[in-house]
Amino acid sequence: MEFVFNNSTIKAKTIFSTAPENGADIVVSEEKDFDRKTIIEIRERNSVTCIVLHWSHFSENVEPSLFWSEDKRILFVGAGYVSAVVNVASKSLIDINYPDLFWGWECLNNNILELCELDCRLYSLSGHLIGHAHVDPPYDYEVTDDAILFSSIVMGKTSIEFK
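Residue numbers are given in our numbering: position 68 of the sequence shown equals residue 1423, and the series is strictly consecutive.
No lab work stands behind these hints: they were computed from the structure. Misleading hints may appear alongside valid ones.
[Claimed, not checked] Taking lysine-lysine and the PhoX-like style, the derived pairs with C-alpha atoms no more than 25 Å apart in a straight line are: (1) K1387 <-> K1368; (2) K1427 <-> K1518; (3) K1366 <-> K1427; (4) K1427 <-> K1368; (5) K1366 <-> K1446; (6) K1446 <-> K1368; (7) K1427 <-> K1446; (8) K1387 <-> K1446.
When you get a sec, could you build the whole thing from the sequences and use the hints?
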């Protein structure tokens, strides 16, 4: 996969591998056994940042989910049973999460919503955790001016307020 932005390019390649990665600037890994490795290269002007994501999934046809906040130089990445918010400028992890199953990222009201099987988290574009809500599948959500409202069978109604 290759994504081209105004001032950067991101390349991501996933392979089935459990081998450690040498030379990565940042390594993000599941707590459980993993069987895949995604190598993410972020090219900005004359610099390259390499992020390696170790993950697993019960399906072979799944790719990691990425959201790039180019202005803030923050990468939101997740797959399988791990997700992370990475500060590419300082080459550091802002947050790491080990969900029961990561589903994806969605941009809402200039924030980033992390959708997972049992928990949803809301981040600012700079990677600051705004809040989280417990959910259970199947769940629905509605975005209002003030919050994201979740509705699920077991957890009932939960929400994350925009701040």
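Hinted pair K1387 and K1446, Cα distance within 25 Å: holds (24 Å)
Hint consistency between K1366 and K1446 [alpha-carbon to alpha-carbon, up to 25 Å]: holds (17 Å)
25 Å limit on alpha-carbon distance, applied to hinted pair K1387 and K1368: The given pair, whose Cα atoms are some 21 Å apart, holds under the 25 Å limit.
Restraint check for K1446 with K1368, where alpha carbons must lie at most 25 Å apart: With Cα atoms ~20 Å apart, K1446 and K1368 stay inside 25 Å; holds.
Pairwise hint evaluation, K1427 against K1366, where the allowed Cα distance is 25 Å at most: Roughly 19 Å separates the two Cα atoms, so the pair holds.
Pair hint K1427 and K1518, alpha-carbon separation not exceeding 25 Å: Roughly 18 Å separates the two Cα atoms, so the pair holds.
Restraint status (C-alpha distance of K1427 to K1446 at most 25 Å): Between K1427 and K1446 the Cα gap is close to 13 Å, so the pair holds against 25 Å.
Restraint status (C-alpha distance of K1427 to K1368 at most 25 Å): holds (23 Å)
Comparing the model with each earlier hint shows no violations; every hint is respected.
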